[in-house]
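Colleague: Here's the letter readout for the chains.
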Amino acid sequence: MPYLTDGQRLRLERIAAEVRILLIEMLVAAGSGHTAGPLGMADIFTAFYFHILRHNPKDPLWEDRDRLILSNGHIVPVRYAAMALAGYFSREEALTLRQFGSRMQGHPERTVLPAVETTSGPLGEGLSQAAGMALAARIQGKRHRIYCITSDGEHDAGNTWEAVMFAGKYRLSNLTAIMDRNNIQINGMTEDVMPLEPLREKYEAFNWHVLEIDGHNMEEIVAAVEHAKAIYEKPTMIIAHTIPGRGVPEIEFDYRWHGKPPSREEAERFLRQLRTLADVVEAPQHE
Amino acid sequence: MAPVTSFPLHPGVLDPRQREMAATRDGFGRGVVEAGERDARVVVLCADLAESTRSAWFRDRFPDRYIEVGVAEQNLAAVASGMAAEGLIPFITSYAAFSPGRNWEQIRTTIALNDQPVKVCGMHAGVSVGPDGATHQALEDIAIMRVIPNMTVVAPADAEEARKATAAAAAHPTPVYLRFAREKTPIVTLPETPFTIGKAYVVWEADGEHPVVLASTGTMLFIALEAAKALEASGVAVRVLHIPTVKPLDTATILDATRGARGVVSLEEHQVAGGLGSALAELFVQHQLLPMRFVGVQDRFGQSGKPDELFQEYHLTPRDVIEAVQALLAE
Ligand SMILES: Cc1ncc(C[n+]2csc(CCOP(=O)(O)OP(=O)(O)O)c2C)c(N)n1
Ligand SMILES: [Mg+2]
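Protein chains in written order, with our numbering: chain A, 1 to 287; chain B, 1 to 331.
In case anyone wonders, no lab produced these hints; they're calculated from the structure. A quick note: this is a predicted structure, and the numbers were derived from the prediction, not measured. Ideal Cβ positions, reconstructed from N, Cα and C, are used throughout, including at glycine. Hints may contain errors.
[As the list claims (entries may be wrong)] Here are the computed distance ranges between Cβ atoms for each label pair: (1) A:91 to B:4: 51 to 57 angstroms; (2) A:112 to B:319: 24 to 30 angstroms; (3) B:16 to A:59: 34 to 40 angstroms.
The following block holds chain B by itself, in its conformation from the complex:
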């Protein structure tokens, strides 16, 4: 068991008694207020979801820089583009199913092609939304944002990293898509843990040679670490690679961390098609052929249920990661 010193982990990762939980959307709420304090150009646009997106936290602090557009996500995106054209730094907030789900073309044309540095903040991503069901569980957002040129795509691992990513996005020159979740998940990182948009991090180093690499994005990092602990206990060498920025990929770090590996298992609370696993496969077939397995949603829609029931149903648990690793090793 070897966490990496350059990426300090929260003690709760190893010790359940010290575990702290928070939703990544809460990290957004804090991060966007910090960004607003640092830079008066930061504005937040809301589409009738102030509390659940946490944009209310910004509204309460900066009422004059908070804009309510109503239930109108297409207008939300294009109005933000106009505000960015006049020099502001707009963060647009809704559920990922609607933004970027409904307003994809407005984002593509008026934000990405038009090169306006709007920050698209998609909340309630993944099946962990729970009882609201399939319509509200965005599982395609990484894919549809990743294919747009000029768009940066970031899925933070926990609330702390979400805070950093939000603040960093404000200072980032390109349009950014930030992905957040509704439910509380374990805090994995600390305030001093590094985060830079565009960087990937080895967070768990194998004892043995030719490890299996678990490459995760978003809150699946905790699942990857749980699986890594169990795998190492059973004598399998694993390395955990944390890839919060799905686009652009940190190819140098990723190729370094996977060179000589037995194989790679990707983890994401997202469709397997078009997400992180796809992005990695695109990279590996060009540079170093590696066997892969994909832990993610296998071409299905979500449904109502409790988050843990849905994680079982959609095969997103540490058990599923271990099985994927075993399948790789059996090749």
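If we strip away everything but chain A, and leave its shape as in the complex, we get:
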């Protein structure tokens, strides 16, 4: 039984296309920032903000909300884009990314924009915080879930594995992590810079439940998160295989797009490609 109706799936795919478009507009307005990772994670952020999370954009700090922790803070533009479309703030505000005085800080800051839950950018710290939240929620008998988005590159960091061990020890079943397994980091392919595989077996050895999905397939994203809720004894790691730069064929898979924004001309080309893609996604038959 699928977790999404066709109508739900099409709606999410359409929103993801809009997230990508806003993201490119934001990056070109900012004149700096990251392109590849955010494009690759647009489907997952859309699924979270428009289907998975129990949240209220008009009351971002509602006590019983699910927590979404972004550990690899450099991809925050895609989170801002999804949040803007979900109603946390306006498109116009999203377009102030990285500007002086903006709440859209280059790397997310909780004290500036509380709805991002935590400050990140320095890699390898998010999973620890998410584990701390999950343990605290359990101690306090709270029912909300903790989601942590992490990247493959930050699995180079010892801190990540300290958190993995900790979450395994405390059997944090209310914690679900999603890894952006896009195979790139700054200096090249992850397996050249610092081989990470076998990731599934590593997580399993640390007492996690592991799922692997196509990170661009809405049905698989939602199904994996639902499946994780039924795992009572372990935290779950969803290894989401994604394509860096997804949606803009000319930059897909290219690690050199990790940390630069498109120029105005490039952005116009990218936006044409993304709009064509958006048009292919049919309008939803029923909401």
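Add chain B with the ligands to chain A, keeping to what the hints say.
Modeller: Using the frame of chain A, we list chain B with the ligands on its own:
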């Protein structure tokens, strides 16, 4: 207006039409290749930031002496310590926020206490990093390195001095922290301008007696010189003291250059707490009491913005230096 002959300045300091700009990290990139050419023991360790730290320039020249550790700054420091123990001269490179920010204790124990001559190279220091925001703007690195025994701390004034400092660090017997910036800043020195680790330099001499001394470290030297020109034009005698080595301080030169001064204004693109100004205050209270003002970041985090917007916001401009001097003189 009296630049000092013993410290030749780039003509662009006085004449904006001749100004040349380069980032101090570029000076590192050139300096570390020079060091590598001179000494086969020099190796460079990189933590997934090859291009932006300029360690790629060394990699392209000496691929066999370039080591990639991935996003793992703690491992970066401790692996380098091990390599130094076997006789190599490792330069470890990352952003200052992460190295020495994240790996401070590994640096303290395995490099400083253990006395292994590793060179810690912190890039993207200061608010001039710009749009990346507070997480990436290291403003505490001088403080946390300065308090570690056996650590030498150097913040070069421009790309040229950064090149010299990097090459000099390779030959220096102790662990060294080298501080570099991302953005281009004016070239202040020339190839023939002196640089020695541990030395401070008077670079601008006052016309009148009892001058105010502007004491700066790192790329704030250019701001100090801009302020000095404006102050002298308004009849205030100023002397500019350039202190690239924050630790150990060149106490003889600094005490000489400040004896009889009306006061001292310190300049640094760093927290006022624990940086150059603090180091000078520690010195002055023991030897010659001088009124001081501190130009630097006043106990705040950085934020996203353009470098010049942030220099305004954090009061790091020549205008702010002039106001600090006026406050001193009004005492
Ligand atoms: C502790 C730390 N070290 C270094 C960096 C610089 N940095 C930012 S992103 C990145 C690459 C990480 O790989 P990944 O998250 O997989 O990047 P992506 O897939 O988005 O290209 C690095 C090294 C950082 N942000 N934090
Ligand atoms: Mg990656």
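Colleague: State the violated hints by number, sorted upward, taking the hints as numbered earlier in the document.
Modeller: Hint 3 is the one this structure does not satisfy, whereas the remaining hints hold.
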